[in-house]
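As given, the protein sequences belong to chains A and B, one line each in that order.
Residue numbering for the first sequence follows the numbering used here, beginning at 1 and increasing consecutively.
Residue numbering for the second sequence follows the numbering used here, beginning at 1 and increasing consecutively.
These aren't lab readings, by the way, just hints derived from the structure by calculation.
All values derive from a computational prediction rather than experimental measurement.
Please note that the accuracy of each hint is not assured.
[Stated by the list, open to error] Computed, partial: chain B to chain A, Cβ under 10 Å:
| # | residue |
| --- | --- |
| 1 | Gly89 |
| 2 | Thr129 |
| 3 | Phe137 |
| 4 | Arg160 |
| 5 | Arg168 |
| 6 | Trp257 |
| 7 | Asp274 |
| 8 | Ser281 |
| 9 | Leu293 |
| 10 | Gly295 |
| 11 | Tyr296 |
| 12 | Glu300 |
| 13 | Lys321 |
| 14 | Lys322 |
All residues carry an ideal CB built from backbone N, CA and C; glycine is no exception.
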Amino acid sequence: MKPDPAVPGARPRRAANPRRQILLLKTAIWAIGLAPILWLAVSFFQRNLGINPVEKIIHIQGRWTLVFLLAAMAVTPIRRLTGWNRIIQVRRLIGLFAFAYACIHFLAYAGMDQLFALSYILEDVRDRRYITAGFAGLVLMIPLAVTSTRGWIRRLGKRWQRLHRLAYVAAGLGVLHYFWKVKGDTFWPLVAALTLAGLFAVRVAYRKKRPPRKKQH
Amino acid sequence: MIIRISKKSDIPSSEITPESAYINRRKFLGASAGIGAAAFLGVGSPDMGPFHAASPIPGAGRPRTPQDLEPNTWEEITSYNNFYEFGTGKEDPSKHAHALVTKPWTIKVDGLCNNPGDYALEDFITPSTIEDRVYRFRCVEAWSMVIPWRGFPLADVINRAEPNTSARYVAFETLWDPEQMPERLWRPRIGWPYREGLRLDEALHPLTLMVNGLYGKELPNQNGAPLRLIVPWKYGFKSIKSIVRMTFVEDEPPTTWATQTPGEYGFYSNVNPDVRHPRWSQSREKLIDSSKLFGYRWQETQFLNGYADQVAHLYEGMDLKKFF
Numbered sequence: 001m002k003p004d005p006a007v008p009g010a011r012p013r014r015a016a017n018p019r020r021q022i023l024l025l026k027t028a029i030w031a032i033g034l035a036p037i038l039w040l041a042v043s044f045f046q047r048n049l050g051i052n053p054v055e056k057i058i059h060i061q062g063r064w065t066l067v068f069l070l071a072a073m074a075v076t077p078i079r080r081l082t083g084w085n086r087i088i089q090v091r092r093l094i095g096l097f098a099f100a101y102a103c104i105h106f107l108a109y110a111g112m113d114q115l116f117a118l119s120y121i122l123e124d125v126r127d128r129r130y131i132t133a134g135f136a137g138l139v140l141m142i143p144l145a146v147t148s149t150r151g152w153i154r155r156l157g158k159r160w161q162r163l164h165r166l167a168y169v170a171a172g173l174g175v176l177h178y179f180w181k182v183k184g185d186t187f188w189p190l191v192a193a194l195t196l197a198g199l200f201a202v203r204v205a206y207r208k209k210r211p212p213r214k215k216q217h
Numbered sequence: 001m002i003i004r005i006s007k008k009s010d011i012p013s014s015e016i017t018p019e020s021a022y023i024n025r026r027k028f029l030g031a032s033a034g035i036g037a038a039a040f041l042g043v044g045s046p047d048m049g050p051f052h053a054a055s056p057i058p059g060a061g062r063p064r065t066p067q068d069l070e071p072n073t074w075e076e077i078t079s080y081n082n083f084y085e086f087g088t089g090k091e092d093p094s095k096h097a098h099a100l101v102t103k104p105w106t107i108k109v110d111g112l113c114n115n116p117g118d119y120a121l122e123d124f125i126t127p128s129t130i131e132d133r134v135y136r137f138r139c140v141e142a143w144s145m146v147i148p149w150r151g152f153p154l155a156d157v158i159n160r161a162e163p164n165t166s167a168r169y170v171a172f173e174t175l176w177d178p179e180q181m182p183e184r185l186w187r188p189r190i191g192w193p194y195r196e197g198l199r200l201d202e203a204l205h206p207l208t209l210m211v212n213g214l215y216g217k218e219l220p221n222q223n224g225a226p227l228r229l230i231v232p233w234k235y236g237f238k239s240i241k242s243i244v245r246m247t248f249v250e251d252e253p254p255t256t257w258a259t260q261t262p263g264e265y266g267f268y269s270n271v272n273p274d275v276r277h278p279r280w281s282q283s284r285e286k287l288i289d290s291s292k293l294f295g296y297r298w299q300e301t302q303f304l305n306g307y308a309d310q311v312a313h314l315y316e317g318m319d320l321k322k323f324f
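Construct all of the structure, not just a fragment, from the sequences and the given hints.
Spelled out as structure tokens, the structure:
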């Protein structure tokens with residue numbers, strides 16, 4: 001094995017080892033994914049989350065869910081815009097972090113907020129439209145997480161892509177959930193909605209650009 | 001059935017709590033209460049009202065706060081606020097409201113009354129007898145606290161203004177000064193200044209307070225200094241903060257949230273567990289309590305926030321589902 005010439009900071013574009021790039025990117029995603037949870041856990045036990053810690057935990061987890069969802073959805077547009085095809089290799093990891101955050105967001109709501117009072121939770125899911133939307137988004141993410149393995153990708157073939165377009169529906173529901181939750185301060189929900197719309201627009205634009213592919217077989 | 005009148009007297013007038021009692025409680029809890037306790041322990045208020053005769057009995061344990069109304073800590077009350085002029089986060093007001101200049105302060109009284117005018121805050125307050133009262137505070141967002149306010153009946157002010165017989169409502173306005181309330185990132189467009197209003201009989205009710213103090217101290221800015229309204233049987237947003245104007249009017253005045261989202265917030269906004277908010281149930285509430293692991297405990301919400309005995313008659317014959 002040759003000694004590695006890469007110097008941190010200096011990024012020789014073409015010369016860089018692409019596998020190494022992906023590894024670095026994945027490491028960064030792990031770090032970004034775990035940091036908020038660790039910070040929340042430490043802050044919670046230090047009683048450092050303000051007067052309503054549960055509310056804060058749930059809000060922060062919800063925001064990170066959306067960040068990861070939108071980031072996962074940004075992978076393909078970035079790939080199209082930059083031509084960096086290998087970036088697709090980090091999409092699953094980002095998507096799974098989105099799912100993980102959605103799960104702990106729901107668990108914090110169900111456990112720390114509602115103390116697992118099932119009747120109240122069911123009532124919320126049924127009657128509180130922002131919870132209905134958020135819950136639906138979470139449920140939609142389950143098949144996506146399950147079929148994210150190599151085996152399922154192979155087994156589903158073309159259908160896999162169609163199935164995973166549900167990510168847009170889940171993200172849309174997540175943004176709606178956020179929108180319906182706030183009371184007047186719609187700034188961040190709007191940012192999320194515009195980001196999602198922008199990512200969708202890029203995708204549609206490239207789809208139109210690319211002439212018929214179906215005739216290939 | 002429209003009006004539910006509770007038989008048990010939840011909040012007797014004896015609920016006017018001696019400051020000594022809650023100071024005693026603070027000492028009792030003091031060790032763990034941090035800044036809050038430190039901030040007011042040992043404060044000897046020079047302008048003690050008529051209800052401060054009782055002195056704490058050492059070792060008496062919990063003070064005689066009626067019906068278990070244990071006040072929240074100073075820190076809880078002053079660092080978890082809604083005051084959108086200073087930001088929409090719960091911690092924004094405590095971070096940013098220091099920019100509010102409360103001295104000098106003028107309150108304009110106008111509309112249908114015999115004594116309109118611009119009153120200096122001192123002239124507004126001085127003629128009244130200042131009292132301490134521990135009230136439940138129920139936010140429309142389904143959390144609640146118990147708060148030892150200091151103030152005087154709004155009725156005092158109204159009687160001095162001498163409203164005309166045609167005056168049926170009182171409208172209030174919060175200060176609106178973007179220089180003191182700079183937009184940080186983005187502020188909801190809810191039509192500033194913030195406006196609220198009460199029917200005249202609600203405003204004259206002895207439970208309705210003009211508040212200028214908390215825990216026997218000056219009211220902190222984030223809680224609505226120098227003068228705010230407290231209507232304990234209504235959702236918190238009715239209790240308008242940092243008041244600069246009071247207007248007597250004939251017709252129901254437009255109020256900020258009812259104008260902004262008429263399907264969600266009504267003019268009356270009485271605490272009512274049976275009338276849900278479109279986005280959440282109002283049947284129970286989180287009583288903020290930092291001593292608990294999760295920082296709160298759930299409790300049932302009471303009709304008219306537990307003040308039905310005193311105020312339910314104001315709404316006799318009204319369909320409170322319609323006039324929510």
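Now for the hints, and whether the structure bears them out:
1. Evaluation of the glycine 89 of chain B hint against chain A yields a held restraint, the C-beta minimum of about 8 Å falling below 10 Å.
2. Given hint, threonine 129 of chain B at the interface with chain A, is violated; its Cβ is 32 Å from that chain's nearest Cβ, farther than 10 Å.
3. The beta carbon of phenylalanine 137 of chain B comes no nearer than 13 Å to any beta carbon in chain A, farther than 10 Å, and the hint placing it at the interface is violated.
4. Against a cut-off of 10 Å between C-beta atoms, the interface hint on arginine 160 of chain B is violated, since the closest Cβ of chain A lies about 35 Å away.
5. Restraint check, arginine 168 of chain B versus chain A: the minimum CB separation of about 29 Å is more than 10 Å; hint violated.
6. Interface restraint check for tryptophan 257 of chain B: the shortest CB-CB distance to chain A comes to about 8 Å, inside 10 Å, so the restraint holds.
7. A distance limit of 10 Å between C-beta atoms decides the matter here; for aspartate 274 of chain B the minimum to chain A is near 14 Å, and the interface restraint is violated.
8. Using the Cβ-Cβ criterion of 10 Å, the hint placing serine 281 of chain B at the interface with chain A is satisfied: the shortest such distance is roughly 7 Å.
9. Given hint, leucine 293 of chain B at the interface with chain A, holds; its Cβ is 9 Å from that chain's nearest Cβ, closer than 10 Å.
10. Given hint, glycine 295 of chain B at the interface with chain A, holds; its Cβ is 5 Å from that chain's nearest Cβ, closer than 10 Å.
11. Taking 10 Å as the C-beta contact cut-off toward chain A, the hint placing tyrosine 296 of chain B at the interface holds, the least distance being around 7 Å.
12. Proximity of glutamate 300 of chain B to chain A is violated relative to the hint, the smallest CB-CB distance being about 13 Å (cut-off 10 Å).
13. Taking 10 Å as the C-beta contact cut-off toward chain A, the hint placing lysine 321 of chain B at the interface is violated, the least distance being around 16 Å.
14. Hint on lysine 322 of chain B is violated. Least Cβ distance to chain A is approximately 20 Å, over the 10 Å limit.
Checked against the numbered hints given earlier, this structure breaks hints 2, 3, 4, 5, 7, 12, 13, 14; the rest are met.
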